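Read top to bottom, the protein sequences are chains A and B. If you're matching positions, the first sequence starts at 105 in our numbering and goes up one per residue. If you're matching positions, the second sequence starts at 105 in our numbering and goes up one per residue.
Hints in this document: simulated from the structure, not taken from any laboratory. Since the structure is predicted, the reported quantities are computational estimates derived from the model, not experimental observations. Check before you lean on any hint, since a few could be wrong.
Which copy is meant is left open, so a pair is good if it fits within one copy or across any two.
Unchecked claim - In silico DMTMM-like links for lysine to aspartate or glutamate, alpha-carbon gap of 20 Å or less:
hint: 1; residue 1: 374; residue 2: 350
hint: 2; residue 1: 319; residue 2: 339
hint: 3; residue 1: 319; residue 2: 347
hint: 4; residue 1: 121; residue 2: 228
2 protein chains.
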Amino acid sequence: MSEKSIVSLQKIREVIKERMKNIKYKIMVLSGKGGVGKSMVTANLAVALSLKGYDVAILDADLHGPTIPKMFGIENETITGFSAGIIPVTTGNKISIVSIDFMLPSEDTPVVWRGPIKTKAIMEFLSSVVWGCKDFLLIDLPPGTGDEALSIAQFIPNVDGVVIVTIPSLVSQHVVRKAISFAQKLDIPILGIIENMSYFRCPQCGQIHYIFGEKGGEAIAEEMNIDFLGAIPIDRRIAECSDRGESFLVKYPDSEIAKSFMNIAEQIIKKVENRKNG
Amino acid sequence: MSEKSIVSLQKIREVIKERMKNIKYKIMVLSGKGGVGKSMVTANLAVALSLKGYDVAILDADLHGPTIPKMFGIENETITGFSAGIIPVTTGNKISIVSIDFMLPSEDTPVVWRGPIKTKAIMEFLSSVVWGCKDFLLIDLPPGTGDEALSIAQFIPNVDGVVIVTIPSLVSQHVVRKAISFAQKLDIPILGIIENMSYFRCPQCGQIHYIFGEKGGEAIAEEMNIDFLGAIPIDRRIAECSDRGESFLVKYPDSEIAKSFMNIAEQIIKKVENRKNG
Chain A
105 MSEKSIVSLQ
115 KIREVIKERM
125 KNIKYKIMVL
135 SGKGGVGKSM
145 VTANLAVALS
155 LKGYDVAILD
165 ADLHGPTIPK
175 MFGIENETIT
185 GFSAGIIPVT
195 TGNKISIVSI
205 DFMLPSEDTP
215 VVWRGPIKTK
225 AIMEFLSSVV
235 WGCKDFLLID
245 LPPGTGDEAL
255 SIAQFIPNVD
265 GVVIVTIPSL
275 VSQHVVRKAI
285 SFAQKLDIPI
295 LGIIENMSYF
305 RCPQCGQIHY
315 IFGEKGGEAI
325 AEEMNIDFLG
335 AIPIDRRIAE
345 CSDRGESFLV
355 KYPDSEIAKS
365 FMNIAEQIIK
375 KVENRKNG
Chain B
105 MSEKSIVSLQ
115 KIREVIKERM
125 KNIKYKIMVL
135 SGKGGVGKSM
145 VTANLAVALS
155 LKGYDVAILD
165 ADLHGPTIPK
175 MFGIENETIT
185 GFSAGIIPVT
195 TGNKISIVSI
205 DFMLPSEDTP
215 VVWRGPIKTK
225 AIMEFLSSVV
235 WGCKDFLLID
245 LPPGTGDEAL
255 SIAQFIPNVD
265 GVVIVTIPSL
275 VSQHVVRKAI
285 SFAQKLDIPI
295 LGIIENMSYF
305 RCPQCGQIHY
315 IFGEKGGEAI
325 AEEMNIDFLG
335 AIPIDRRIAE
345 CSDRGESFLV
355 KYPDSEIAKS
365 FMNIAEQIIK
375 KVENRKNG
């Protein structure tokens with residue numbers, strides 16, 4: 105890379121920092137592997153924080169599909185660029201969303217740009233977002249611990265913590281270790297582990313089935329000496345809400361899932377506040 | 105990139121081609137998104153082809169964890185390098201396996217090398233594998249349609265077809281479109297779509313639950329004018345077998361899943377043979 109382009113990347117980084125200076129807490133949501141429901145967890149955690157009265161924004165930095173916009177029913181929205189910069193899209197529940205997918209040309213375009221070009225484009229895009237004053241910014245990273253997650257993680261300044269999402273199976277526990285190692289290398293504190301798809305309660309007979317294994321998230325949390333934030337059961341209504349762009353927590357506030365997310369949100373608030381004040 | 109390194113990459117590509125010249129059919133397994141069970145599908149498809157009497161090899165090119173070796177219970181094996189090159193590990197059911205994870209130093213190391221270095225290392229690794237004579241090579245690509253999947257896909261010569269794995273939910277259908285577009289850009293024929301986690305049959309009461317949505321895989325296949333190869337239901341015993349490194353198809357040959365995989369294998373054999381002979 106030439107000296108000139110390093111200088112320009114450095115400048116972009118500074119602009120991003122300036123743009124994010126009025127965000128109180130920045131939290132990354134990471135998984136060692138895709139498909140564990142990281143985006144679902146990010147979206148519902150944002151809703152939980154918002155229901156608790158906080159101003160919340162989401163940066164959907166997962167390049168493999170506009171999952172977050174779709175979950176909030178805003179996938180057909182376009183971001184508006186003013187001279188001041190790009191303004192996030194606001195959802196019905198007042199969450200501000202910026203998705204990297206918004207900058208892609210068409211729904212069917214796979215992201216086949218090569219690394220360096222893509223990283224630069226993402227950085228330029230990010231450096232023009234007008235976030236304003238927010239209590240929380242949740243960052244939905246690309247799955248895994250590869251280049252994409254690393255590139256994006258590196259140019260978001262002063263991240264307050266990482267939440268790791270996993271599913272219970274042992275095969276997946278294996279990759280959680282990589283996620284923990286990734287967070288440690290980036291020197292970002294790990295707030296804890298959320299276990300998704302923990303079990304399925306048959307709506308017909310009430311029997312609980314540990315489809316993807318039993319309590320693997322708790323086991324790995326204990327083994328790695330990391331807090332276990334909570335378990336989210338499997339619920340077909342989650343997929344239905346996601347597909348329709350409806351908020352599960354608003355629609356089913358008394359569900360096990362909603363209670364679990366509210367509890368997890370509370371733990372995260374305490375953790376980041378203690379860290380900032382202590 | 106300097107002229108010299110382009111020449112050297114070109115040379116590595118030629119060596120890989122030479123190394124793979126006695127493999128009859130090369131099939132890539134792709135997903136638009138992680139966590140849809142792509143590696144599980146690859147592993148069981150390999151077993152199904154092997155049970156039908158074919159010589160099968162797997163290239164586990166998914167960098168985010170040694171899922172394939174773990175599923176076959178060979179994650180602690182090390183590949184042996186002779187002067188002739190690297191010899192794949194052979195499983196109990198005589199499937200030859202090479203995992204890119206074998207070249208990584210430790211279980212907990214996340215892949216945080218930057219793109220170009222990583223690609224070169226992978227290519228050099230691949231160029232030294234002694235595959236020998238095989239009927240089928242299944243290539244488990246990294247999830248998604250990003251740089252990693254693209255880099256690896258690009259340096260495997262003369263691929264006979266792509267199988268796309270998805271789950272039924274609509275949110276995931278969205279990303280299937282990206283996978284199709286990805287295969288088309290690489291100019292590899294699409295053999296069809298496999299829908300994983302299609303439904304869950306409660307072992308207690310027998311009720312079928314479409315946990316992740318109903319028949320989304322069939323719908324997207326029809327919409328995109330692509331063959332639907334089959335549906336794989338959710339079965340807790342799959343996770344158990346994966347965790348223990350046991351072969352599900354050998355252990356439960358009469359299960360719905362086993363029958364579905366045997367049927368899918370048959371369709372794939374017909375398709376590639378017709379293509380080669382026609």
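Hints, verified against the model:
no.: 1; hint: 374 <-> 350; result: neither (28 Å within a copy, 43 Å between copies)
no.: 2; hint: 319 <-> 339; result: both (17 Å within a copy, 17 Å between copies)
no.: 3; hint: 319 <-> 347; result: between (28 Å within a copy, 14 Å between copies)
no.: 4; hint: 121 <-> 228; result: within (12 Å within a copy, 39 Å between copies)
Violation of the numbered hints given earlier is confined to hint 1; every other hint is satisfied by the structure.
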